[in-house]
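Asks: What follows is each chain in one-letter form.
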Amino acid sequence: MGATTIEKILARTSGKSVVRLGEVAVCRPDIVVHIDLPMAIEGAWYRPAKVFDPERVAVIFDHAVPSPSIKDASAMAEGRRFAREFGLKHVFDVGQHGISHVVAAEQGLARPGELLVCADSHTCASGALNCAGRGVGIPDALQAITKGMVWYLVTPTIRYEFKGELGPMVSGKDVFFHIAHTYGGHGGASVEYGGPGIRALAMSDRRTMATMSAEIGAEFAIFDYDEVTADYLKGRLDRPAMPAHPDADADYLDVRTVDLAGVEPYVILPHSVPRNGVRLSSFDQKIRIDQAFIGSCANGLIEDLRVAANIVRGKKVAPGVRFIVTPGSQAVYLQAVREGLFEILVEAGAVVTNSTCGACFGYHMGVLAPGEVCITASPRNFKGRMGSPEASVYLGSPATVAASALTGVITDPRTVAGLRG
Amino acid sequence: MSDSTNLVYTGRVWKFGDLINTDMIMPSAAFRLPKNEQHTLCFEAIRPGWANEVRPGDILVAGENFGMGSSRPIGEVLRGCGIVAVIAESINGLAMRNCVNSSIPAINCPGVAALFEEGDTARVDFLAGRIENVTRKKSLEVAPLAPLLAEIVAAGGVIPMLVKEGYIHPEPFVAASS
Chain A
1 MGATTIEKIL
11 ARTSGKSVVR
21 LGEVAVCRPD
31 IVVHIDLPMA
41 IEGAWYRPAK
51 VFDPERVAVI
61 FDHAVPSPSI
71 KDASAMAEGR
81 RFAREFGLKH
91 VFDVGQHGIS
101 HVVAAEQGLA
111 RPGELLVCAD
121 SHTCASGALN
131 CAGRGVGIPD
141 ALQAITKGMV
151 WYLVTPTIRY
161 EFKGELGPMV
171 SGKDVFFHIA
181 HTYGGHGGAS
191 VEYGGPGIRA
201 LAMSDRRTMA
211 TMSAEIGAEF
221 AIFDYDEVTA
231 DYLKGRLDRP
241 AMPAHPDADA
251 DYLDVRTVDL
261 AGVEPYVILP
271 HSVPRNGVRL
281 SSFDQKIRID
291 QAFIGSCANG
301 LIEDLRVAAN
311 IVRGKKVAPG
321 VRFIVTPGSQ
331 AVYLQAVREG
341 LFEILVEAGA
351 VVTNSTCGAC
361 FGYHMGVLAP
371 GEVCITASPR
381 NFKGRMGSPE
391 ASVYLGSPAT
401 VAASALTGVI
411 TDPRTVAGLR
421 G
Chain B
1001 MSDSTNLVYT
1011 GRVWKFGDLI
1021 NTDMIMPSAA
1031 FRLPKNEQHT
1041 LCFEAIRPGW
1051 ANEVRPGDIL
1061 VAGENFGMGS
1071 SRPIGEVLRG
1081 CGIVAVIAES
1091 INGLAMRNCV
1101 NSSIPAINCP
1111 GVAALFEEGD
1121 TARVDFLAGR
1131 IENVTRKKSL
1141 EVAPLAPLLA
1151 EIVAAGGVIP
1161 MLVKEGYIHP
1171 EPFVAASS
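In the order they appear, the protein sequences are chains A and B.
Quick note: the first sequence, position 390, residue 390 per the numbering used here, numbers continuous.
Quick note: the second sequence, position 18, residue 1018 per the numbering used here, numbers continuous.
Keep in mind the hints are simulated off the structure, nothing from the lab.
On a predicted model such as this, the values are computed, not experimentally measured, just so you know.
Any given hint could be a false lead.
[Said to hold, decoys possible] Simulated crosslink set (SDA-like; lysine to any residue; CA at most 25 angstroms straight-line):
| id | chain 1 | residue 1 | chain 2 | residue 2 |
| --- | --- | --- | --- | --- |
| 1 | A | K383 | B | V1054 |
| 2 | B | K1015 | A | A77 |
| 3 | B | K1035 | A | A77 |
| 4 | A | K147 | B | E1117 |
| 5 | A | K383 | B | R1079 |
| 6 | A | K383 | B | K1035 |
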């Protein structure tokens, strides 16, 4: 019996030839990414007395950057102290910062065939690059940083085989929504994305889909390695890639084929993701919005900002709507400046913020009041996620969010004038 | 009485439904509270006042996809509430590890929602994989907790293990708030 991609990575990092379903694999991480939030939550963080490998522990500030409070400022001061004490090689302080999953991809820390550990639930983002990552907790991160050790349950895997190509104004976000709506939760299973159709899925779409996989409760989520992966990684890696490929006779819990041509834009209703979507073509409710948000680890990429700018170019955000755009990293920010995207967005009435997790987790820079409605391209819509528990959060693609910002109601981006063709 | 060394717990049951997420257990407002107050907001959005009613030694029974969501330390919050064990129809993988790493054994048990009414007494043997409703004299068998996970629970969680092995400082870091 062959092995899945995840089984191969867990086997290699646990020093075994194979891992078996149901066992606990004790692995050595290839890279550990430490973020600011664990140090800001009182009682959650303990100063490491050792670091397993200073070249394999990175510090990236993302959740509350620049600090909105004394507590966050103190947390990041501690992060700097920690990085200095152990001479860490990869440090992304304010100015080089960004959402950790975005930075990890850009900076070549998420490498094919490797295992990345980070105490954030959207760590599965690294799967876009064929790098195994699943969200862990703060004690896990401490164990990984100090001992170079992390445990994982070896679970079954569900494989998605894509075929066809996406239609206009349909993105990786919608592909994920289609999967979440059609198949529901994936708890207790890893997810593998592959098949002939992934050739037509841009790296930005893959990064959205891998990141979003946390919302269906997937363990690991990982894409097959191909030319698109290799192209993205050109010039980013400081050692050769060692991609992991699934065996032809790997054992899957299920193999599901998705025709990308059949995927339509979706909106996900409040307050959870699985089986909670509606195709926008049949969405007949007129939902007025107070806020539209594009940003987060899922959709703060340059491609997302291009989509948004293209939709609002020469138009105005609807009266009464706050359109907040948060680039995923300083690198995305700089690229957007160079391309003139912020000029287009700001002229339309958008607010462009610094790169941070910010509004997505209701902490700063776009927190919702009771009774407010938000359409967001960020990953999560739990009650209270973006602020008041009395607020309602709908999820959509960047195109859907930008189109809705213009009309003031949740809108199918394919219906906004001047965009077809 | 509970015997945490042998992972046998007897306690009063609190029942919650499906899709209990991390933000219900630990809303982001709790991030800014001192550790000994973080648990006071547990379930505040769906069951206000619960944190005052729960008692040390109680057991949490939940439905499908318990603990879906973020990395936030829900195990520590539940422990702060006095919860000693979690049994659910299904538990999110991240939530499960956050519970186990904080010394709260957590286990998937299809059928558990129907096994208990709130207030019943449960006896849970995580090594034997036996979930018993002492009040109604019914029980279920499940796969026992994996040996490594049982070791972590019995040791009091990952943090005490790392402290004991000299990998981390014994007292938590506290970010200044003023």
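Asks: Hints first: check each against the structure and report whether it holds.
Replies: Results for each hint:
Of the supplied pair hints, the one linking A:K383 and B:V1054 holds, its CA atoms being roughly 23 angstroms apart against a limit of 25 angstroms. In summary, the hint linking B:K1015 to A:A77 is not supported, as the alpha carbons are separated by about 42 angstroms, beyond the 25 angstroms threshold. The suggested pairing of B:K1035 with A:A77 holds, with an alpha-carbon distance near 20 angstroms, which does not exceed 25 angstroms. At roughly 43 angstroms between alpha-carbon atoms, A:K147 and B:E1117 are farther apart than 25 angstroms, so this suggested pair is violated.
Annotation: proposed proximity of A:K383 to B:R1079 holds, straight-line Cα distance about 23 angstroms (limit 25 angstroms). With a C-alpha separation of about 23 angstroms, the suggested pairing of A:K383 with B:K1035 holds against the 25 angstroms cut-off.
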